[in-house]
Amino acid sequence: MQVEVQPGMNGHFTVKLSGELDALTAPRLYEKLTQLVQQNPGIQKITLHCSGLTYLSSAGAGILLMSMDNFTPKGISLELTQVQPEVYNVLDMLGLTKLMTITHA
Amino acid sequence: MPKYALHFGATLENLPLIRYFVQQRLKPHLPDSIQLNQVTVAVEELCSNSILHANKEDPTRQLRLQLHIQKKAIHIYLHDPAPPYDIHSYPSEPQLLRKGTLRPGGFGIYLMRKFIDRIHVRRGKRDGSIYHMVKEIS
Numbered sequence: 000m001q002v003e004v005q006p007g008m009n010g011h012f013t014v015k016l017s018g019e020l021d022a023l024t025a026p027r028l029y030e031k032l033t034q035l036v037q038q039n040p041g042i043q044k045i046t047l048h049c050s051g052l053t054y055l056s057s058a059g060a061g062i063l064l065m066s067m068d069n070f071t072p073k074g075i076s077l078e079l080t081q082v083q084p085e086v087y088n089v090l091d092m093l094g095l096t097k098l099m100t101i102t103h104a
Numbered sequence: 000m001p002k003y004a005l006h007f008g009a010t011l012e013n014l015p016l017i018r019y020f021v022q023q024r025l026k027p028h029l030p031d032s033i034q035l036n037q038v039t040v041a042v043e044e045l046c047s048n049s050i051l052h053a054n055k056e057d058p059t060r061q062l063r064l065q066l067h068i069q070k071k072a073i074h075i076y077l078h079d080p081a082p083p084y085d086i087h088s089y090p091s092e093p094q095l096l097r098k099g100t101l102r103p104g105g106f107g108i109y110l111m112r113k114f115i116d117r118i119h120v121r122r123g124k125r126d127g128s129i130y131h132m133v134k135e136i137s
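Sequences listed follow chains A and B, in order.
For the first sequence, numbering that gives the first Met the number 0 gives the first residue as 0, with consecutive numbering after it.
For the second sequence, numbering that gives the first Met the number 0 gives the first residue as 0, with consecutive numbering after it.
Not one of these hints is a red herring.
When the alpha-carbon atoms are kept at most 30 angstroms apart in a straight line, the in silico DSSO-like pairs for lysine-lysine are as follows:
(1) K97(A) <-> K113(B)
(2) K31(A) <-> K15(A)
(3) K31(A) <-> K55(B)
(4) K2(B) <-> K124(B)
(5) K73(A) <-> K44(A)
(6) K2(B) <-> K26(B)
(7) K15(A) <-> K26(B)
(8) K2(B) <-> K71(B)
(9) K44(A) <-> K15(A)
Hints listed in this document are in silico derivations from the structure and should not be mistaken for laboratory results.
Make a model of the complete structure from these sequences and hints.
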């Protein structure tokens, strides 16, 4: 899985994800997001750009949920955009589409 | 009816290989990409549970995944050297939805049960366990 961080304005960062988010790669994404927050104290919002994310398993969904759980008390919002239909279906089945801002590709 | 098999060691490094195997073999029988992805997710969840929990990521332990494609159903078998666990003893909803908390417990088994029509577990003839998932196709 590829993770590319793009700093934006006013504490808004975009993280472009591509490839597959599974039990092997999910911990790496969590580490990247945690580092991003630690290294940028003024961060307010992280947008995960998911047009290149082709697969998501329960481990990937769990990491997204854990990230949101950790970032929300710090005042940081996490949203997913350009999510492919197959990935959206998994997120929706788990109820995450009701908890997070997630938009279709 | 076609039958396919994949042998792999119990390491998460093999997850992409498992996905590729399932998608390549089932694509002609599941033309809908959402349905194909659902079966792929269910198979991967089953395999990753066995790799992580039953076999403690020991790559020397060998598992065998079989796909038997029939006219009305796809039968998926996972032969695991470890003793079986009872999939049906887990909650029917993930903890997230059941308790309203943000704990992602039970996601994998929940997806398996949602995406597959039937799951059976039994002990192997000599040792280990055999997981049998059935996906009905129209």
